[in-house]
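The end of the sequence shown is residue 463 by this note's numbering, with every number in the run present.
Because the hints were derived from the structure by calculation, they are not lab data. The beta-carbon is built from N, C-alpha and C at its ideal position, and this holds for glycine as well. Incorrect hints may have been included.
[As the list claims (entries may be wrong)] Ranges of calculated distance between the beta carbons of each label pair, as one might list FRET restraints:
1. Gly131 - Gln416: 16 to 24 Å
2. Ile110 - Val194: 15 to 23 Å
3. Thr443 - Phe122: 52 to 60 Å
4. Leu343 - Leu28: 19 to 27 Å
[Claimed, not checked] Keeping only pairs whose Cα atoms sit at most 25 Å apart, straight-line, the calculated BS3-like set for lysine-lysine is:
5. Lys247 - Lys21
6. Lys319 - Lys451
7. Lys319 - Lys124
8. Lys93 - Lys22
9. Lys124 - Lys247
10. Lys124 - Lys93
11. Lys124 - Lys314
12. Lys223 - Lys21
13. Lys450 - Lys223
14. Lys22 - Lys450
15. Lys223 - Lys319
16. Lys21 - Lys319
17. Lys145 - Lys247
18. Lys451 - Lys21
19. Lys145 - Lys314
20. Lys223 - Lys314
21. Lys22 - Lys319
22. Lys314 - Lys22
23. Lys22 - Lys247
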Amino acid sequence: MKVRNYEMDMTAGSLPKKMISYALPFIATGALQLLLNTADVIVVGRFAGETSLAAVGSTTSLINLLVNLFMGLSVGVGVLVAQNYGSNKYNDVSETVHTAFCVSLICGVLVGIVGFTFAKPMLHLMGSPDDVIDLATLYLKIYFCGTPAFLFYNFLSAVLRAVGDTRRPLFYLGTSGLLNIILNLIFVIVFHMGVAGVAIATVASQVLSSILILRCLRKTTSCYHLDYSQARIHWNKFWLMFKIGLPAGIQSSLFSISNVIIQSSINSWGSLVMAGNSAAQSIEGFTYTAMNSISQTALAFTGQNIGAGKIRNVKRIALWAILYVTVIGLFMGGVSYLLGEQLLFFFTSDAQVIHYGIIRLLYVCLPYFICGVMDVMVGILRGMGYSLIPMIISIGGVCGFRVIWIFTVYQQFHYLETIYLSYPITWTITAIIQAICLTIILIRKKKHTDKIASEDATI
Numbered sequence: 005m006k007v008r009n010y011e012m013d014m015t016a017g018s019l020p021k022k023m024i025s026y027a028l029p030f031i032a033t034g035a036l037q038l039l040l041n042t043a044d045v046i047v048v049g050r051f052a053g054e055t056s057l058a059a060v061g062s063t064t065s066l067i068n069l070l071v072n073l074f075m076g077l078s079v080g081v082g083v084l085v086a087q088n089y090g091s092n093k094y095n096d097v098s099e100t101v102h103t104a105f106c107v108s109l110i111c112g113v114l115v116g117i118v119g120f121t122f123a124k125p126m127l128h129l130m131g132s133p134d135d136v137i138d139l140a141t142l143y144l145k146i147y148f149c150g151t152p153a154f155l156f157y158n159f160l161s162a163v164l165r166a167v168g169d170t171r172r173p174l175f176y177l178g179t180s181g182l183l184n185i186i187l188n189l190i191f192v193i194v195f196h197m198g199v200a201g202v203a204i205a206t207v208a209s210q211v212l213s214s215i216l217i218l219r220c221l222r223k224t225t226s227c228y229h230l231d232y233s234q235a236r237i238h239w240n241k242f243w244l245m246f247k248i249g250l251p252a253g254i255q256s257s258l259f260s261i262s263n264v265i266i267q268s269s270i271n272s273w274g275s276l277v278m279a280g281n282s283a284a285q286s287i288e289g290f291t292y293t294a295m296n297s298i299s300q301t302a303l304a305f306t307g308q309n310i311g312a313g314k315i316r317n318v319k320r321i322a323l324w325a326i327l328y329v330t331v332i333g334l335f336m337g338g339v340s341y342l343l344g345e346q347l348l349f350f351f352t353s354d355a356q357v358i359h360y361g362i363i364r365l366l367y368v369c370l371p372y373f374i375c376g377v378m379d380v381m382v383g384i385l386r387g388m389g390y391s392l393i394p395m396i397i398s399i400g401g402v403c404g405f406r407v408i409w410i411f412t413v414y415q416q417f418h419y420l421e422t423i424y425l426s427y428p429i430t431w432t433i434t435a436i437i438q439a440i441c442l443t444i445i446l447i448r449k450k451k452h453t454d455k456i457a458s459e460d461a462t463i
């Protein structure tokens, strides 16, 4: 039986208002999740020094490389649940939830083992400096011990968001985020544990958030109730999840590979540039998180409307989502750059580190809204069930062009600014191609729907 205390019908009523209502808790949740990493960076930068700051910050692209491939499957979970929920197929929702439960645990253990075992060799491949690599390795080894909890939370929170519930994930991340900050301060300032302290705090917070969401799904009486006795992989659901989610995971991982190459180029400039880059990444992460929340909103709304057979609503969802993400991106990106020095000072008082951070904010954060528009269109395509198409476009437009840029243009114009220019250029190219692709698919879908309606009317 359907319980609507937290859920949302995304197929009827005022879509713009519902999108805002859905997105605001999502944005707050993303910001809190980002605070888990930002708290690490701030505490390390202020109390453990620039070398430790560089060590923690330089691990981001490598963590994403290993985690994002499996995180893509959580996109498949969200799309399947949204479409089945929209079409009132509650048994299919239940089977998807129990499949997601099993798959998340298996993937989490696998990623944890690989990351823990190969942390230092992978950092060597990235060209991490000698004064950073040992601390970065220590951080990674501890961090990867928590990936089972991390993936578990993200898979099951995708279930809640697919049925319209963005409030409880906000509460769970707020609680775990508070624990992370408290433990950071205790471990680093009181016990002088440095990067090990922030890593342990992060893992502890991830475990707490996974326990809270498990409790939620165990107690609910709705169609997404989790029953241990029914926990098994339903292979028909797994393959659908795999079909939708794997391209998303591959896309994210290839994004991460291109970012690893860029991080390697940044590493060659030394630990001060690495520290400035890390601090700026933490600041711009809030802009990205807010924009990504809009793209995930577009995905969920599209999924439910496709499940309900309301293809005409998808165009409206796309237009409103693009408007929202552009406004958010321009505002937050602009504020981040204009207040860059003050914001960077939270991370470090070193003038050179702040200088290098400002450079990244100018070239990456200020035009970030372009990335947001690109991601919205990707989210809509995935919500419609098209995951391979945006993957191919993104691999060529972002990953491929970015790698080519580093090995050609950057070699000729060997400046730090040249590295950062690859971001807005590749976003623009990819966004244009995604827009053309989405327009063609929507036109074809509308013609197909009109044809069926015409045939029904004739009968």
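Going down the list of hints, with the structure as the test:
1. Gly131 - Gln416: 16 to 24 Å: Because 20 Å falls inside the window, the suggested range holds.
2. Ile110 - Val194: 15 to 23 Å: violated (37 Å)
3. Thr443 - Phe122: 52 to 60 Å: With Cβ atoms ~43 Å apart, the hint is violated.
4. Leu343 - Leu28: 19 to 27 Å: holds (23 Å)
5. Lys247 - Lys21: violated (32 Å)
6. Lys319 - Lys451: Distance of about 14 Å is within 25 Å: holds.
7. Lys319 - Lys124: violated (47 Å)
8. Lys93 - Lys22: holds (22 Å)
9. Lys124 - Lys247: violated (33 Å)
10. Lys124 - Lys93: Between Lys124 and Lys93 the Cα gap is close to 47 Å, so the pair fails against 25 Å, i.e. violated.
11. Lys124 - Lys314: Given that 25 Å is the threshold and the Cα spacing comes to 50 Å, the pair is violated.
12. Lys223 - Lys21: violated (29 Å)
13. Lys450 - Lys223: violated (41 Å)
14. Lys22 - Lys450: With Cα atoms ~24 Å apart, Lys22 and Lys450 stay inside 25 Å; holds.
15. Lys223 - Lys319: violated (37 Å)
16. Lys21 - Lys319: Roughly 16 Å separates the two Cα atoms, so the pair holds.
17. Lys145 - Lys247: violated (31 Å)
18. Lys451 - Lys21: Given that 25 Å is the threshold and the Cα spacing comes to 28 Å, the pair is violated.
19. Lys145 - Lys314: violated (47 Å)
20. Lys223 - Lys314: violated (32 Å)
21. Lys22 - Lys319: Distance of about 15 Å is within 25 Å: holds.
22. Lys314 - Lys22: Roughly 16 Å separates the two Cα atoms, so the pair holds.
23. Lys22 - Lys247: violated (29 Å)
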